[in-house]
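**Student:** Residue numbers (our numbering), protein chains in the order written: chain A, 1 to 293; chain B, 1 to 378.
Note that these hints are calculated values from the structure, not bench results.
A few of these clues could be false.
[As the list claims (entries may be wrong)] Taking lysine-lysine pairs in the DSBU-like style, the calculated list, with each CA pair at most 30 angstroms apart, reads: (1) A/K7 / A/K43; (2) B/K236 / A/K23; (3) A/K267 / B/K81; (4) A/K7 / A/K23; (5) B/K331 / B/K300; (6) B/K331 / B/K49.
This is what each chain is made of:
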Amino acid sequence: MAIFLNKESKVLVQGMTGAEGMKHTRRMLAAGTQIVGGVNPRKAGRAVELDDRTVPVFGSVRDGMDATGADVTVVFVPPPFARAAVVEAADAGIGLAVVITEGIPVHDAVAFNAHARARGTRVLGPNCPGVISPGHSNAGIIPADIATEPGRIGLVSKSGTLTYQLMHELRGTGFSTAVGIGGDPVTGTSHIDCLTAFENDPDTELIVLIGEIGGDAEERAAAHIAQHITKPVVGYIAGFTAPEGRTMGHAGAIVSGSSGTASAKKKALEAAGVAVGATPTETARLAEDRLRG
Amino acid sequence: MDLYEHQARQLFADHGIAVPDAEVVDDPSAVHAAAERLGGRVVVKAQVKVGGRGKAGGVKVAEDPAAAVVTARRILGMDIKGHPVRTVMLAQPVDIGEEFYAGYVLDRAAGTFLAIASAEGGMDIEEVAATRPEAVARIHVDPAEGVSEAVAARIAVAASLPPETAPVLQALWQVLTAEDALLVEVNPLVRTTDGRILALDGKVTLDDNAAFRQPRRDADSVDPHGDPLEAAAADKGLNYVRLDGEVGIIGNGAGLVMSTLDVVAGCGARPANFLDIGGGASARVMADGLTVILSDPAVKSVFVNVFGGITACDAVADGIVQALDSVHLTKPLVVRLDGNNAARGRAILDGRAHPMVQQVTTMDGAADRAARLAQGGH
Chain A
1 MAIFLNKESK VLVQGMTGAE GMKHTRRMLA AGTQIVGGVN PRKAGRAVEL
51 DDRTVPVFGS VRDGMDATGA DVTVVFVPPP FARAAVVEAA DAGIGLAVVI
101 TEGIPVHDAV AFNAHARARG TRVLGPNCPG VISPGHSNAG IIPADIATEP
151 GRIGLVSKSG TLTYQLMHEL RGTGFSTAVG IGGDPVTGTS HIDCLTAFEN
201 DPDTELIVLI GEIGGDAEER AAAHIAQHIT KPVVGYIAGF TAPEGRTMGH
251 AGAIVSGSSG TASAKKKALE AAGVAVGATP TETARLAEDR LRG
Chain B
1 MDLYEHQARQ LFADHGIAVP DAEVVDDPSA VHAAAERLGG RVVVKAQVKV
51 GGRGKAGGVK VAEDPAAAVV TARRILGMDI KGHPVRTVML AQPVDIGEEF
101 YAGYVLDRAA GTFLAIASAE GGMDIEEVAA TRPEAVARIH VDPAEGVSEA
151 VAARIAVAAS LPPETAPVLQ ALWQVLTAED ALLVEVNPLV RTTDGRILAL
201 DGKVTLDDNA AFRQPRRDAD SVDPHGDPLE AAAADKGLNY VRLDGEVGII
251 GNGAGLVMST LDVVAGCGAR PANFLDIGGG ASARVMADGL TVILSDPAVK
301 SVFVNVFGGI TACDAVADGI VQALDSVHLT KPLVVRLDGN NAARGRAILD
351 GRAHPMVQQV TTMDGAADRA ARLAQGGH
């Protein structure tokens, strides 16, 4: 089992024919992901040779889904066109859209998230590394060779590189699923969505939650853990010494209050019974200790 | 990117929100004439991107042009919370009848924008929000619908604002969407004693990610008074922030770099900077980054912390070697490479065998070494 993805997931890649799209489609194929096609309106009907594989290119997500039964799309489309790409995928009724693209305007993310939510499409990201369930599937850019063995830990993180770092530290124990939700101010999937999915996933025994300064997602996750999560959770927060973010004016302060700092997040998680590590390495040790009981 | 008040004011005016007449001045010799043009009596307002300037003495009324010169000279010399005042705005004073508050801000939790409005504007709006939340209306805006005339009227009613503020609420939404802003705020929005609705002060934060479709941004985004090292880094497209410590830090990915700063601080040293070479960084980017950091005299040691995901560690190592060939390295460099092509990257650095470069295989161990080297240890 895994969350959001499984062995049977059929994956389309929007923007596959670009440089990044090609590179990562190759890597996803090598990781065992069932890539069933690329999407590019200007290259419909063609095919792309990737190593020993031939991947068809469809003119739209709808055509790709009709031809292959795809249920996941990974979006590499550049920022000016990303909004239209996600809206198209949601209109086609795809179940999961993993948006890798970095640098998408916030107004676009707000718009495509609302659009997708109304149509029942889960958006992961934007500006995220994707989701990997070792031994099952990998949708995104998380290097599959960091942790190859399926295991009992579910990991959710805002940061791509901290996801890799923790996966590396815990590679001996292994993961049910590791999810990067993305570091942008507005993301389609939250820490809480992932906590809920891990709570319901029989293969996940312990959850590692990685957060960073900004917003109050970690504080809200802490409240959710206290009320709804029965599995042990280990946390890590980055940004104790990072330069202070921009002052957002009164309105920002009215909305977020005193939350947003690393200490506020750590305090909230600890109050919810989460063991918070001081470094990624210590966090990994805490997770292993908790798993051993 | 936060705008100065005078820039925010211009956007308001561009979208049909009335503002008092004003002029922007950075040279005291231009103040007298500007004040005369505005009618003699003016408000002199420091232009800094930080709150609390009124309480710091950065906003003063001058009764005539001569007084405006004296006041402007004093304010232009001020430092408000570390922000030197280099520009003032001279504005026509208005007779305020009532003060209101109106703004839109991104609500990250809800994933959409929130209208915030109150019939009690002014400096203490945060306190009003905290102590009497019922006095502040908060209404989520449906991104597909936006703020129509009807929605604006609804916000005004919920906040007990007079009906004639509704067009301002609608225009303010236009500022937010047309300019790709993350926050727009008018505080105070006033009704003058002669019945006009004016935006007396405002804040706007623009979304840097939308610069590609906002061509007129370029003029606003150049800050000639910024830190020279930050400017040099920006020139090379590096994500660099200068701090006040002694350990230079380079890493890949904002999360890992922030974490590296924290781990170094946990070892008792202070980070000198934040430098993220990003995902998939080339040797060139690595070399540029290292060159910027080494040119900071406050840096006593440098810690390169890379976990290669998309970034290949051999490219990072090549970049370090390139930098070593072009700068005379007098400061110790601690390198930790893991992940994608780590073995190849480590071998490249071993092959170069520079006496000032050492490799440590763990993040915590490398942070500790860099911290001790910055303090003169080994």
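**Student:** Provide an ascending list of the numbers of those earlier hints which the structure does not satisfy.
**Tutor:** 6
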